[in-house]
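**Q** Sequence:
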Amino acid sequence: MAADHLHCASCGQSLTGSYYVLINRPERFCPQCIATRPRCSTCGAPLGNHFWKLHDGRQQCDACHAVAIYDPVQAQHLFQQTAGMLAEGMGLRLHVGVAFRLVDAPTMARLRGPTPPGQDTLGLYRRQNHVRVIYLLYGLPTLIFRITAAHEYAHAWQAEHCPLLRNEFLREGHAEWVAYQHLLQLGSHKAAARMLDENHPYHKPLRYLLQLESQLGIEGVNQYMMRVDIE
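For what it's worth, this note's numbering labels the leading residue of the sequence shown as 1, then goes sequentially.
Do not rely on the hints blindly, as some may be mistaken.
Label pairs and their calculated CB-CB ranges [what the hints assert, rightly or not]: (1) Asp120 with Glu219: 31 to 37 Å; (2) His203 with Ala109: 37 to 43 Å; (3) Asp197 with Gly220: 22 to 28 Å; (4) Glu219 with Ala109: 36 to 42 Å.
Think of the hints as simulated: they come from the structure by calculation, not from any bench. The C-beta atom is built at its ideal place from N, Cα and C for all residues, glycine as well.
Make the full structure from the sequences, and use the hints.
**A** This is the structure we're talking about:
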C-alpha cells in the first residue's frame with residue numbers, strides 16, 4: 001500500500017505545513033508527533049494511535065509488528081536457513097556448531113551486562129565452557145533478524161577459527177561484512193547499501209573489510225581472518 005503523503009502517519013491529521021520523514025521510511029510525520037510521541041523500539045518512528053506493547057516493555061509500530069518474528073519455531077527455521085546460506089555461500093562452516101535461543105529484552109540485558117546508554121543489543125554470541133549459543137531478541141522484523149543472525153553467526157565462526165583474534169575493529173568489521181554479504185544473498189541490495197552509510201555504527205570497519213574483499217575475494221578474507229591473529 002502506498003504511503004499517505006497528505007496526512008501524518010502517527011496522528012492522521014492533515015499535513016498543512018512542514019513535516020518530517022525518517023531515513024528509509026516513506027511515511028510523513030507532523031512536527032507535533034515528532035516532538036511528543038513515544039517511538040517504536042525497533043525503527044524509531046513516532047507511534048500511531050494503534051501500536052503493540054510487548055511483554056518486556058518494548059513498543060512497536062504496526063509496520064514493524066507486521067513482519068516481526070515472535071514464534072520460536074519460525075525463528076529457529078530462519079536462523080538455520082541463514083547459517084546454511086553462510087556456510088554454503090561464504091564457506092563459513094562450523095565444526096562444533098552453535099545453539100540458538102530467542103529471548104526477551106531483560107534476558108538479553110542480563111546476558112550482555114552493562115552497556116552505554118542508548119546502545120541496544122539485538123543479538124549476542126556467548127560461549128560458556130563447551131556450550132556455544134547465539135541469542136536473538138524476539139520481535140525483530142524479519143530483515144533485522146536475518147542481519148543480526150548473520151552478524152552473530154560470524155562471531156561464532158571467529159571463536160572457532162580465529163580464537164586468538166582480539167582486534168575489535170576486525171572482529172566487528174568481519175561480522176558486519178558477513179551480514180552485508182547475507183543481505184546480498186537475499187537480494188536486499190538497498191538494505192545492504194544502507195550499511196555503508198556514514199551514520200551506520202560499523203561503516204568504517206565494514207568498508208575496510210570490503211576493501212580486503214576487493215583484493216582477496218571472499219575466501220581470501222576468511223583466510224586472512226584466520227591468519228591475522230597469529231602474525
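**Q** Could you tell me which of the numbered hints above are not met by this structure, giving the numbers in increasing order?
**A** 2
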